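Protein chains: 2
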Amino acid sequence: MGNKNSEIFDYVRGFTCDFDSVTGVSKTAVPTSRKLSQMKGMFADDAAYAAALEKEDTVVYDFYEMGAPESEGEIAMGTSILHPGKIGDEYYFTKGHYHSKLDTAEAYYCMSGEGFMLIENPEGDWRAIPMKGGEAVYVPKRYAHRTVNTGKTDLVTFFAFGGEAGHDYGTIETKGYRKLIVERDGKPEIIDNPKWK
Amino acid sequence: MGNKNSEIFDYVRGFTCDFDSVTGVSKTAVPTSRKLSQMKGMFADDAAYAAALEKEDTVVYDFYEMGAPESEGEIAMGTSILHPGKIGDEYYFTKGHYHSKLDTAEAYYCMSGEGFMLIENPEGDWRAIPMKGGEAVYVPKRYAHRTVNTGKTDLVTFFAFGGEAGHDYGTIETKGYRKLIVERDGKPEIIDNPKWK
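If you read the sequences in order, they're chains D and R. The opening residue of the first sequence carries number 1 in the working numbering; numbering runs sequentially from there. The opening residue of the second sequence carries number 1 in the working numbering; numbering runs sequentially from there.
Below are the DSSO-like pairs computed for lysine-lysine, each with C-alpha atoms no more than 30 Å apart in a straight line: (1) D:K101 / R:K101; (2) D:K86 / D:K152; (3) D:K27 / D:K132; (4) D:K175 / D:K132; (5) R:K187 / D:K27; (6) D:K35 / D:K197; (7) R:K179 / R:K132; (8) R:K95 / R:K179; (9) R:K27 / D:K152; (10) R:K40 / R:K187; (11) D:K27 / D:K95; (12) R:K40 / R:K195; (13) D:K132 / R:K132; (14) R:K187 / R:K55; (15) D:K27 / R:K132; (16) D:K175 / D:K40; (17) D:K27 / D:K152; (18) R:K152 / D:K27; (19) R:K4 / D:K132; (20) R:K27 / R:K132; (21) D:K132 / R:K27; (22) R:K27 / D:K187; (23) D:K4 / R:K132.
Simulated restraints on C-beta separations: (24) R:V22 / D:I191: 34 to 40 Å; (25) R:K175 / D:K86: 55 to 61 Å; (26) D:K86 / R:S37: 53 to 59 Å; (27) D:K175 / R:K86: 54 to 60 Å; (28) R:N121 / D:G134: 31 to 37 Å; (29) D:Y169 / R:V30: 36 to 42 Å; (30) R:D57 / D:K152: 44 to 50 Å; (31) D:G170 / R:L102: 32 to 38 Å; (32) R:E56 / D:K152: 43 to 49 Å; (33) R:H167 / D:Y169: 32 to 38 Å; (34) R:D57 / D:T153: 39 to 45 Å; (35) R:V22 / D:I190: 29 to 35 Å.
Think of the hints as simulated: they come from the structure by calculation, not from any bench. All values derive from a computational prediction rather than experimental measurement. Note that the Cβ used here is the ideal one computed from N, Cα and C, for glycine as well.
So that you can see chain D by itself, here it is in the shape it has in the complex (with noise of 0.2 Å):
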């Protein structure tokens, strides 16, 4: 990936990376933040989107690209962290994407918090999978995956996936996804997504 992290971890004889079981934070990997800014048009309400943004530029989600070689028989590992929050109704999501190469299962292991996982294939079929803190999740192949983060802490997950997988974040910038998560009377409620292409 080019990324610090390629140039911390040894992929050729193996490395241990800490990771709070909990926070899903490493004192020694290199995150990356995902801001509101570059999220724009993903989220149902502009005007909430807009007001939002002029009063901070908030990070939504933190994760841990840990430059892990994009072959064959390789396992990319890592963390990601989804702040608690909303715009409008919506609840905070991950910008979600398909793999490159589409045939490419993931494992994911939740450490805390509560949401779900949110996955479409091209076809149309889709999944809300809820989670939970101490939950495994399978993503099968073929489905872009998103986590929505419906609690009040951290949505926290360790993740893993084949190196050859890549990602694809352009189909679903461009087309959205289906569905939404929104809150309604206090709880979670899944719609159409009117932005959906």
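Dock chain R against chain D, hints included.
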């Protein structure tokens, strides 16, 4: 894999499975146990092994073989729970294995306990990577891997590897590992394995 878990979990549309974040135990998945009697000849001290076995055929470790399809692009995941104990002065370990497809890596997250990830490759390079709860461990391609519990509690890991990797237990069962980890003056020490072929 044809085990019960392959019927429980949906590898086509995704699933979650509970794994306690400290003990690694699942209320949903079916575990596999490795007893002392299934590890004949693997510990260095045959007399101590025979005496321990006569006393009780103890479970050395449990793990969750989750029934992931053994094909490219898949990810197999689960937890492994290695109990504390010794045969003579040698700490309990998992049998350990190469991947059948040698050029495949594996990701671990250590949920609790302390010990080592003992790795070696066919060319004779080896390392004993210290690991403890709250650390991710990366096992590189081409390395056999075994966990060794040098602590007083279970050594618990969440693991993920490519579905196409497969397991080659035979090589280790036949040749053994180049190195052992034993207790000397109350501390772990790495020594040559006198049985290594």
